[in-house]
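Participant: The lines below spell out each chain.
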Amino acid sequence: MIQPVLTLDTFGLLCPVPIMKTASAIREIAVGEVLEVLADDPQILEDMPAWCASNGHALLDTIEEDEEYKLYVRKVK
Amino acid sequence: MSKPVKAVGLLSGGLDSTIAAAMLMRQGIEIQGLTFYTGFCVVEHNRRSKTRKRKKPVRNEALQAGAKLDLPVEMIDISGPDYLKVLTDPKYGYGKTVNPCIDCRIFMFRRARQYMDEIGAQFMFTGEVLGQRPMSQRRQPMNVIDRDAELDGLLLRPLSAKRLPPTVPEQEGWVDREKLGDIQGRSRQKQMELAEEYGIEDYPSPAGGCCYLTDENFGRRILDFFDHEGKENLTMDDVMLLKIGRHFRVKPDVKVVMGREEGENKFLERYTPGRWRLETKDVTGPTTLVEGHPTDDDLRQIAGMTVRYAGSKADPGTPVTCRYADAERILEPSPVEESVLETWRI
Ligand code: SF4
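Those sequence lines, one after another, are chains G and W. The letter at position 31 of the first sequence is residue 31 when you use my numbering, and the numbering goes up by one with no holes. The letter at position 345 of the second sequence is residue 422 when you use my numbering, and the numbering goes up by one with no holes.
If you are wondering where the hints come from, they were derived from the structure by calculation, not from laboratory data. One or more hints might be untrue.
Stated by the list, open to error - Listed next, the in silico DSSO-like pairs over lysine-lysine satisfying Cα-Cα at most 27 Å (straight line):
1) W:Lys343 x W:Lys358
2) W:Lys162 x G:Lys21
3) W:Lys162 x W:Lys173
4) G:Lys21 x W:Lys83
5) W:Lys308 x W:Lys328
6) W:Lys267 x W:Lys239
7) G:Lys77 x W:Lys83
8) W:Lys83 x W:Lys343
9) G:Lys21 x G:Lys70
10) W:Lys80 x W:Lys256
11) G:Lys70 x W:Lys343
12) W:Lys239 x W:Lys83
13) W:Lys308 x W:Lys162
14) G:Lys77 x G:Lys21
15) W:Lys343 x G:Lys21
16) W:Lys80 x G:Lys77
17) W:Lys256 x W:Lys239
18) W:Lys308 x W:Lys173
Here chain G stands alone, though its shape is the one from the complex (with noise of 0.2 Å):
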């Protein structure tokens, strides 16, 4: 089971706002460790993989419950 050490709130804010908040919290943990963002807004499928994929982090999994997404990213450098 993913246990993440930080949850970031971003209800109600459009991508790419939750994108840069993401940025900053990922600063705040230490690599290996997971941070949690949940989200409302679907662009972020889009933009967190692809934050992911260029920052070089893991996005381990997407939970999609009525609309509302609970995406996990590992901190990997």
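Once you have looked at the hints, place chain W with the ligand on chain G.
Facilitator: Structure of chain W with the ligand alone, referenced to chain G:
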């Protein structure tokens, strides 16, 4: 082995900046992508106000370009009072509408230069092409931008480099000038050839029009704001409201903003505090916000406008609820003539 040279690339996600990055990567330059969030992006705003469900997902092209080229992208939020000053008091004036492109570039490049120093990069680059855009990409404005942003010759424009004086990265031999581009003008032929050579596929069509500041309607509204409310009073909330709905200036100190569809109505509801809010009772219609100090007569007229835009289900006498903080009253207005509305429309 010596440490690779590091550069900050301003990425829009468009073809030009993507190619510029690919061109430098081929020379072994380590690249950190950078993109700015100004709060004036049309794509983002349309999604904010329109109903959320949509068929085609929108992508952040700068992030996509980073993922495609396998390079990191930093996104910096420059929206806020300092950036608004660029809009209200541009030293170099506006382009076709209220786009202060030269000052905006100076602001962004200054911030990019600062970021470059923060991360220990040696130079920065953009995908700009000489002569491609009327305001900021001609030779003379480019020189002004470089001077005012205090770039000290550290900004390289790889696509047009051979047509521009050598920059520090070329003089220092960090990049090979011979392998840079000599593109000029609006044709995109050469960029397309390079995209093929570098294996770049699936790029967005040329941006242009993605910034609200180049939009004519928005320009008219912002000038109206400057005239009646004073440019020094502009806030990001005002900007948000200027971007959506129908706008009418009923009197010099009374302005009306009216939603055009459900998404906009919902969006406007959030800006109710400090404003009158009008809605048709019993039938669906627009959400109308009133800025300023309307008299009873003004409110009656604005109620009439609200009914007018409620569509066929609303009769001329349809009641309208008017609320301000805890106060509430119901008006049964008479309709407003189209010709009068036209004189108020901003
Ligand atoms: S189009 Fe908009 S973002 Fe681009 S330079 Fe002009 S003002 Fe700045």
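Participant: Does each hint hold? Answer for all of them.
Facilitator: Hints, verified against the model:
| no. | hint | result |
| --- | --- | --- |
| 1 | W:Lys343 x W:Lys358 | holds (16 Å) |
| 2 | W:Lys162 x G:Lys21 | holds (25 Å) |
| 3 | W:Lys162 x W:Lys173 | holds (19 Å) |
| 4 | G:Lys21 x W:Lys83 | holds (25 Å) |
| 5 | W:Lys308 x W:Lys328 | holds (18 Å) |
| 6 | W:Lys267 x W:Lys239 | holds (14 Å) |
| 7 | G:Lys77 x W:Lys83 | holds (18 Å) |
| 8 | W:Lys83 x W:Lys343 | violated (46 Å) |
| 9 | G:Lys21 x G:Lys70 | holds (15 Å) |
| 10 | W:Lys80 x W:Lys256 | holds (21 Å) |
| 11 | G:Lys70 x W:Lys343 | holds (25 Å) |
| 12 | W:Lys239 x W:Lys83 | holds (21 Å) |
| 13 | W:Lys308 x W:Lys162 | holds (9 Å) |
| 14 | G:Lys77 x G:Lys21 | holds (18 Å) |
| 15 | W:Lys343 x G:Lys21 | holds (25 Å) |
| 16 | W:Lys80 x G:Lys77 | holds (19 Å) |
| 17 | W:Lys256 x W:Lys239 | holds (9 Å) |
| 18 | W:Lys308 x W:Lys173 | holds (19 Å) |
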